[in-house]
Amino acid sequence: MSSSLLTPDDIETYQRDGVVLIRGLFADHVDALRAGVDRNMAEPGPFAAENLKPGEAGRFFDDYCNWTRIPEFQQVIADSPAAEVAADLMASEAVQMFHDHVLVKEPGTSKPTPWHQDGPYYFVEGRQTVSFWSPLDPVTEASLRCVAGSHLWPKPVLPKRWLADTSFYPNPDDYMPVPDPDAEAMEIREWAMEPGDAVAFNFGILHGARGNETAGRRRAFSLRLVGDDARYVERPGPTSPPFPGHEMQSGQRLREDWFPVLLDRSA
1 MSSSLLTPDD IETYQRDGVV LIRGLFADHV DALRAGVDRN MAEPGPFAAE
51 NLKPGEAGRF FDDYCNWTRI PEFQQVIADS PAAEVAADLM ASEAVQMFHD
101 HVLVKEPGTS KPTPWHQDGP YYFVEGRQTV SFWSPLDPVT EASLRCVAGS
151 HLWPKPVLPK RWLADTSFYP NPDDYMPVPD PDAEAMEIRE WAMEPGDAVA
201 FNFGILHGAR GNETAGRRRA FSLRLVGDDA RYVERPGPTS PPFPGHEMQS
251 GQRLREDWFP VLLDRSA
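Start counting the sequence shown at 1; every next residue gets the next number (UniProt numbering).
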């Protein structure tokens, strides 16, 4: 372990439960991330989405895979301790970039983020994965919610399209139905958080977020990273993100010219 932001208990918790809170991970980079989010919203990328139906109040903006064109994101990825923390949490020698994700819920946005696992949407599989979800505004009610241990479930949760509420792939029977963690008394982890804190969670963790019915914005920056055992896997349809033209084959490591290695302790 090399990061002063972690304790051995944090790493044990992450390995066991698939989710842990890291206080202050991006504390020195909040202003840069806010500027990056402003730039992202002013100049959306090709995957930008507005996640509300007509008549629903507020605004729920998200966009991903913009780090190569937004210098503030590049700076934070390079200068923050995220890669070292990821290596410690994943017990991985190497840490490879996967993608960034911005999610903004403006005041009065009652719509929650639906319960889902990220892994089934992605074309990568492996035990050594981590997402960092970091609010850029203080959060209580609009914080991330994660079901502890759900990364170890024997069957993945059905990935769905957020607006249409339909199956993302043509083989829904290969997945378990989306559960209702509140009704089923699952162990939900959520925290009041300050800007720059981060929830670290495995790609297999079931998670969602409440709506933002406060008077303040809820901007969040997510960083998705993978470790030594991550490999490309074919899905039954286009993935999210799709990364068109990647030309990878099943079982390969992610190509380093598109998904650069941020840290390699074996070198």
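Keep in mind the hints are simulated off the structure, nothing from the lab. Treat the hints with caution; some may be incorrect.
As a list, the in silico BS3-like pairs of lysine-lysine whose alpha-carbon atoms are at most 25 Å apart [claimed, not checked]:
id	residue 1	residue 2
1	Lys111	Lys160
2	Lys53	Lys111
3	Lys53	Lys160
Simulated DEER-style distance windows between Cβ atoms [stated by the list, open to error]:
id	residue 1	residue 2	range
4	Pro260	Pro44	21 to 27 Å
5	Asp9	Pro71	34 to 40 Å
6	Pro46	Asp180	31 to 37 Å
7	Thr68	Arg16	33 to 39 Å
8	Asp28	Arg69	30 to 36 Å
9	Asp257	Pro44	34 to 40 Å
10	Pro71	Gln249	31 to 37 Å
11	Lys155	Met41	33 to 39 Å
12	Asp229	Met41	31 to 37 Å
Computed from a prediction, not measured in an experiment: that's the story for all the values here. No residue lacks a Cβ here, since even glycine has one placed at the ideal position from N, Cα and C.
Here is what the structure says about each hint:
no.	hint	result
1	Lys111 / Lys160	holds (16 Å)
2	Lys53 / Lys111	holds (10 Å)
3	Lys53 / Lys160	holds (16 Å)
4	Pro260 / Pro44: 21 to 27 Å	holds (24 Å)
5	Asp9 / Pro71: 34 to 40 Å	holds (36 Å)
6	Pro46 / Asp180: 31 to 37 Å	holds (33 Å)
7	Thr68 / Arg16: 33 to 39 Å	holds (35 Å)
8	Asp28 / Arg69: 30 to 36 Å	violated (23 Å)
9	Asp257 / Pro44: 34 to 40 Å	violated (25 Å)
10	Pro71 / Gln249: 31 to 37 Å	holds (33 Å)
11	Lys155 / Met41: 33 to 39 Å	holds (37 Å)
12	Asp229 / Met41: 31 to 37 Å	holds (35 Å)
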